[in-house]
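Knowing the structure of chain P, use the given hints to seat chain U on it.
Sequence lines, in order, name chains P and U.
1000 is the number of the first residue of the first sequence in this note's numbering; add one for each residue after it.
1000 is the number of the first residue of the second sequence in this note's numbering; add one for each residue after it.
It should be emphasised that the hints constitute simulated quantities derived from the structure, not laboratory data.
Just so you know, nobody snuck in bad clues.
Any copy, or any two copies together, can satisfy a pair, since identical chains are not distinguished.
Straight-line distance between alpha carbons at most 25 angstroms, and here's what the computed PhoX-like set of lysine-lysine pairs gives:
1) Lys-1148 x Lys-1161
2) Lys-1267 x Lys-1013
3) Lys-1130 x Lys-1161
This is what each chain is made of:
Number of protein chains: 2
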Amino acid sequence: MADTDWPGCGKSLKGVILDMCGVLYDSGEGGGVAITGSIEAVNKLKASDLELRFCTNETQLNREAFVDKLKRLGFDISVSEVFSPAPAAVAVLKERGFRPHLLVYDGLLPEFDSVDKTNPNCVVIGDAAEKFTYQNLNEAFRVLIGLEKPVLFSLGGGRYYKEGDGLALDVGAYMKALEYACDLKAEVVGKPSPTFFQSVLNDMGLQPHEALMIGDDLVNDVGGAQNCGMKGLQVRTGKYRSSDERHSTVTADGTVDDLAQAVDMILKQRH
Amino acid sequence: MADTDWPGCGKSLKGVILDMCGVLYDSGEGGGVAITGSIEAVNKLKASDLELRFCTNETQLNREAFVDKLKRLGFDISVSEVFSPAPAAVAVLKERGFRPHLLVYDGLLPEFDSVDKTNPNCVVIGDAAEKFTYQNLNEAFRVLIGLEKPVLFSLGGGRYYKEGDGLALDVGAYMKALEYACDLKAEVVGKPSPTFFQSVLNDMGLQPHEALMIGDDLVNDVGGAQNCGMKGLQVRTGKYRSSDERHSTVTADGTVDDLAQAVDMILKQRH
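Just chain P, with the same shape it has in the complex (with noise of 0.2 angstroms):
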């Protein structure tokens, strides 16, 4: 980090919200693998008085399947503490009326099992990954044409994640070649909403000024975080990329190598 003093992040600090892929793990083959000392930082933070939140984009699993996957990794994590996309989803469905055809992976799908599919009226798009075939792409964007007021809803904005050894497209990027093929705009559910964010803050019963967002995707959890009011701060770890650092619009409160190092620095100036 190059300042070593955080400006608004000591004693007055209420609550933490951690981003997971990336911060706690990386993915790939066999469920990925957790990050140095992720495991231990989520401990210490749990042991502390901070509230804690975990915020992720994740939709190619619902969130049972999710937990249970980080779980086996070594993460001390419930269910109820983590916000995904999917959930948030089908209320906003529910609310409004809406049917979607979903263009989401398959481990997504036990999330929409409540919803009405017939005869859709929108589109939602999760990170499909190889579910995005351009047979696949080709049919959401009929739907979406034959519609006379074209609907789409993007689980998440990413722009791309670490995937393995090399970044792969996040759903983010399928988001904006539907939106320039119907002339619209999505409405993204999931970070870097501020609905979504402040529905993580409600549940933490936290005004934004005391807490911290925690994340490797600069624009998505750091920005993000940052419009809702929060303090945001990068690790080096994930999708994180040294040009990240000199970003034309979105700077971090802070930047530091790994979870491990940010719950250190937390915790140090608390006391």
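Coordinates of chain U only, in the frame set by chain P:
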């Protein structure tokens, strides 16, 4: 057409540029089918004193194979009359020392035979259709994100086109996906690039106000030609949709049922 008087397109007209797919023929199984009256309309233009060129964003076949396909449908067209993005892109690549990673349809690859493709320092995408797989898009993305100064060339910027009895996403949608993921702006080679339209006008030896573009794509054909100072006419065939006639930013100089009607009106105004 709303108004049968067609301002500026009477005796002063010296040349006509025709879009191909959706104006001359509809694509589909076995090379597609000629649109009723379009073969005769091309013959009438050829028999007139008007200059005639064809301007396509077709990038699934090289020009020779593409012209052969149209000849088989019954059109009297030669390669020298057809302007398409790939030869224009090859000229740009060579001029500026770019070695492309290609994400294009197999049929287009021969156009790039003379280009050095080792150790790529840019990406070129065309309408790759079924080759727009998750894997191939990630590969193009990784080339771009790995470059210090990523450069993306897009062969056209179309949103979608008619394929058989449905609509299919065009290269522009995938261009937007990569633009967003890599935080860059692609260089469009082909319609609606002014450079591309100007190269056709140069070949005809005409000023923009002496030429008329006829196409089914309101934004890329009609709007693109208008941005160059030409008149632009939209046909109600191909990808035409009734909502085009109340588009927020582009208004065609005229809208006609098909090419046959357009040509009859043009030739009638000249006598």
